[in-house]
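Which chain is which? The protein sequence lines are A and B, in order.
Counting from 1, one number per residue, gives the positions in the first sequence under our numbering.
Counting from 1, one number per residue, gives the positions in the second sequence under our numbering.
Please note that the accuracy of each hint is not assured.
[Claimed, not checked] Across the chosen pairs, the derived CB separations fall in these ranges:
#1 B:F36 <-> A:P264: 35 to 41 angstroms
#2 A:C283 <-> B:F51: 52 to 58 angstroms
#3 B:R226 <-> A:P250: 42 to 48 angstroms
#4 A:E235 <-> B:M1: 39 to 45 angstroms
#5 A:M248 <-> B:T131: 56 to 62 angstroms
#6 B:K84 <-> A:G282: 39 to 45 angstroms
#7 A:G282 <-> B:D239: 42 to 48 angstroms
#8 A:E243 <-> B:F36: 53 to 59 angstroms
[Stated by the list, open to error] Part of the chain B face toward chain A, derived, beta carbon under 7 angstroms:
#9 G262
#10 F297
#11 G300
It is worth saying that the hints were derived from the structure and are not from the lab.
Here a beta-carbon is modelled for each residue, glycine too, at the ideal position from N, C-alpha and C.
Protein chains: 2
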Amino acid sequence: MSYSIIGTGGIGGYFGGCLARAGKEVHFLLHKDYNFVREHGLQVNSCRGDFHLDGVNAYDNSADMPASDVVIVALKSINNPLLKDLLPPLLKPDTLVLLIENGIGVEAQVQAMFPQALLAAGLAFICTAKTGPGVIHHQDLGKLTIAPYTPGAEQRTAEVIRDFTEAGVKAVTAEYLEARWKKQVWNMPFNGMTVALNTSTDALMANPSTAALIRAQMLEVIAAARALGVKNIDENFADLMLEMTAGMKPYAPSMKLDHDFGRPMEIGAIYTEALRQAREAGCPMPRLEMLEAQLRFIEGR
Amino acid sequence: MSYSIIGTGGIGGYFGGCLARAGKEVHFLLHKDYNFVREHGLQVNSCRGDFHLDGVNAYDNSADMPASDVVIVALKSINNPLLKDLLPPLLKPDTLVLLIENGIGVEAQVQAMFPQALLAAGLAFICTAKTGPGVIHHQDLGKLTIAPYTPGAEQRTAEVIRDFTEAGVKAVTAEYLEARWKKQVWNMPFNGMTVALNTSTDALMANPSTAALIRAQMLEVIAAARALGVKNIDENFADLMLEMTAGMKPYAPSMKLDHDFGRPMEIGAIYTEALRQAREAGCPMPRLEMLEAQLRFIEGR
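All chains should be modelled from the sequences, with the hints used to inform the complete structure.
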């Protein structure tokens with residue numbers, strides 16, 4: 001199967017890089033780093049072993065790319081409107097579009113643009129970031145959950161999981177709504193709280209007041225997820241996420257990096273739409289509504 | 001009636017200064033500013049007209065002060081344990097101790113130290129701060145609510161209100177619990193939020209997200225107050241406080257100043273005890289619990 005990567009940052013560069021290293025056909029769409037990667041290749045500095053890719057299939061325009069069996073979209077959700085132009089050249093009738101993005105509602109948004117496309121959600125439990133032109137730093141973890149969204153996407157999803165497994169990535173499948181909301185259990189507390197308090201995950205875990213607050217926020221997400229029909233989730237999942245975080249190296253989530261580097265934050269996908277759905281389901285999340293308001297204030301400053 | 005002021009800062013200096021200007025006998029306990037005020041007097045720069053007091057009755061030790069009819073305690077609540085030594089020389093059997101402090105539970109704390117003392121709560125709706133040695137800056141507002149706490153404190157409270165009125169201060173009485181919790185409706189949102197977001201009241205009011213959040217936090221306090229038995233309070237009081245704040249000049253509440261100048265914040269009196277009582281009454285305040293956790297994190301940094 002052939003792959004195209006839209007958005008060669010921490011996520012797209014790492015997962016695409018793993019597939020390419022394993023000999024899969026991978027085409028990378030780049031923007032600022034196009035010339036550098038075309039000339040010097042892609043460097044992945046990973047806690048599981050560094051590797052370098054030469055002769056990368058690099059593009060600065062999706063119109064020049066071949067249609068692929070799988071398109072991995074690893075943009076900031078805020079840039080999804082760009083897909084209207086970026087995606088069409090890459091689509092075959094049975095292409096799977098895998099959205100490895102944060103937040104709630106991103107598949108619905110893209111499906112509305114491309115009603116015929118087969119979509120799947122990708123949930124990356126990984127600490128990774130682009131740290132320089134063509135340089136990806138993979139700091140910790142690395143599991144990828146892939147959940148079919150469009151009816152009929154199941155078989156292609158299974159094939160993608162097989163490819164990732166061959167490429168050394170721990171990839172599993174899951175039910176769509178469950179997968180998206182489980183990711184939110186980590187994303188909603190930690191992304192915003194590291195921005196609001198200008199800190200990193202380890203400091204939030206080390207202070208008993210914020211550690212208890214993070215847990216309370218996680219329980220708000222879990223209650224909302226259950227109200228929205230996610231069955232396989234309960235309080236234990238909060239403790240699992242807290243244990244995982246306690247075992248992680250100090251980490252600045254993507255929203256913290258976005259804020260620090262003056263990029264827009266993904267408040268809409270990570271907070272606004274999730275909060276709206278929770279309210280509509282009769283299960284509002286007051287602490288996370290407060291966090292959203294603080295982020296909107298910080299964004300407007 | 002004779003007055004002693006314990007804590008000659010923004011509050012004690014302003015209200016004590018108004019009484020002295022009106023010819024009342026007022027004794028001021030000072031700490032760092034003692035020598036300066038003894039020599040140069042007290043300067044009050046007020047939006048209602050500046051004034052200067054010469055020949056101030058200044059002391060650096062309460063043991064040197066005469067027993068008074070009224071003792072105004074205008075310390076940070078965090079320093080109340082000092083009252084064990086500061087108060088006894090000032091007390092006559094019928095002395096009224098007026099605690100113009102922030103928070104919930106301060107009268108109970110002081111009454112436990114002095115079971116025989118007549119206590120009243122003072123709630124100052126005023127923007128005032130000490131801006132230099134012996135210099136008080138009165139920026140805005142100025143109403144003082146005095147609520148008898150100890151049974152039997154009613155008559156002396158009425159006399160104090162008469163004196164303040166003669167001194168040009170708008171002073172009124174109110175029921176104790178109602179008065180304390182109405183002050184909390186403003187204090188709990190604005191003190192912590194200006195610290196958490198490093199901002200001032202006007203910026204929080206100007207952003208629609210934080211303006212809505214502040215209102216939601218006010219409604220949490222109002223619901224808790226009602227659960228604790230305060231009858232004369234409802235949603236309208238939140239709107240009244242928001243209107244008042246919208247009409248104020250940009251203001252940094254006392255907790256913001258404390259934080260900016262590296263002094264301890266009054267988290268215990270303004271948050272912890274109020275949150276505990278609200279939980280006990282079956283009416284927790286999730287947004288304000290979150291704010292307390294953020295403040296504890298900031299305090300620990």
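Going down the list of hints, with the structure as the test:
no. : hint                                  : in the structure
1   : B:F36 <-> A:P264: 35 to 41 angstroms  : violated, 51 angstroms
2   : A:C283 <-> B:F51: 52 to 58 angstroms  : holds, 57 angstroms
3   : B:R226 <-> A:P250: 42 to 48 angstroms : holds, 43 angstroms
4   : A:E235 <-> B:M1: 39 to 45 angstroms   : violated, 59 angstroms
5   : A:M248 <-> B:T131: 56 to 62 angstroms : violated, 46 angstroms
6   : B:K84 <-> A:G282: 39 to 45 angstroms  : violated, 52 angstroms
7   : A:G282 <-> B:D239: 42 to 48 angstroms : violated, 26 angstroms
8   : A:E243 <-> B:F36: 53 to 59 angstroms  : holds, 57 angstroms
9   : G262                                  : violated, 18 angstroms
10  : F297                                  : holds, 5 angstroms
11  : G300                                  : holds, 6 angstroms
Violated hints, listed in ascending order, are 1, 4, 5, 6, 7 and 9; each of the other numbered hints is respected by the structure.
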